[in-house]
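J.: Sequence:
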Amino acid sequence: MNILHEFDPAQFVMAPGSTVPSPCVNICRMDEKTALCSGCYRSIDEIICWSKADSHKKLEIWDLIQQRMLP
Numbered sequence: 105m106n107i108l109h110e111f112d113p114a115q116f117v118m119a120p121g122s123t124v125p126s127p128c129v130n131i132c133r134m135d136e137k138t139a140l141c142s143g144c145y146r147s148i149d150e151i152i153c154w155s156k157a158d159s160h161k162k163l164e165i166w167d168l169i170q171q172r173m174l175p
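Just so you know, we're using my numbering here: the sequence shown kicks off at 105 and counts up by one.
FYI, nobody ran anything at the bench for these hints, they're computed from the structure. Just so you know, even glycine gets a beta-carbon here, dropped at the ideal spot from N, CA and C. It is possible that some hints are incorrect.
For each label pair, taking beta carbons as the anchor points, the in silico distance ranges come out as [unchecked claim]: (1) 171 - 128: 17 to 23 Å; (2) 137 - 115: 27 to 33 Å; (3) 136 - 112: 15 to 21 Å; (4) 118 - 142: 26 to 32 Å; (5) 175 - 122: 27 to 33 Å; (6) 119 - 175: 31 to 37 Å; (7) 148 - 119: 27 to 33 Å; (8) 116 - 136: 27 to 33 Å; (9) 111 - 156: 15 to 21 Å; (10) 173 - 121: 17 to 23 Å; (11) 159 - 137: 16 to 22 Å; (12) 172 - 115: 27 to 33 Å; (13) 155 - 109: 21 to 27 Å; (14) 158 - 136: 19 to 25 Å.
Take these sequences, add in the hints, and give me the full structure.
T.: Rendered as structure tokens:
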């Protein structure tokens, strides 16, 4: 398993010191058709903003990732 299948943003509890995990799985290739990383399903803009995004934004991105992973 990897973080994409283990993390559930709906179950994440915002608490002092808690951090939203990165969806990166170290397979960094942009798909030309979808414009998404084939490893983590993020757009290039989402990848770029991740390190500066707050927890709410990161959870929004996780929600998008989960939608993108659906068949």
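J.: Please go over all the hints and tell whether each is borne out by the structure.
T.: Hints and how they fare:
1. 171 - 128: 17 to 23 Å: holds (18 Å)
2. 137 - 115: 27 to 33 Å: holds (31 Å)
3. 136 - 112: 15 to 21 Å: violated (30 Å)
4. 118 - 142: 26 to 32 Å: The hint (26 to 32 Å, Cβ to Cβ) holds, given that residue 118 and residue 142 are roughly 30 Å apart.
5. 175 - 122: 27 to 33 Å: holds (31 Å)
6. 119 - 175: 31 to 37 Å: For residue 119 and residue 175 the Cβ distance comes to about 33 Å; the hint holds.
7. 148 - 119: 27 to 33 Å: About 31 Å separates the Cβ atoms of residue 148 and residue 119, which means 27 to 33 Å holds.
8. 116 - 136: 27 to 33 Å: holds (32 Å)
9. 111 - 156: 15 to 21 Å: Given range 15 to 21 Å: holds, Cβ gap about 20 Å.
10. 173 - 121: 17 to 23 Å: violated (28 Å)
11. 159 - 137: 16 to 22 Å: Since the Cβ atoms of residue 159 and residue 137 sit about 31 Å apart, the hinted range of 16 to 22 Å is violated.
12. 172 - 115: 27 to 33 Å: violated (19 Å)
13. 155 - 109: 21 to 27 Å: Hint holds: Cβ distance 23 Å, inside 21 to 27 Å.
14. 158 - 136: 19 to 25 Å: Between residue 158 and residue 136, where Cβ atoms are some 31 Å apart, the hint is violated.
In this structure, the earlier hints numbered 3, 10, 11, 12, 14 are contradicted, and the remaining ones agree with it.
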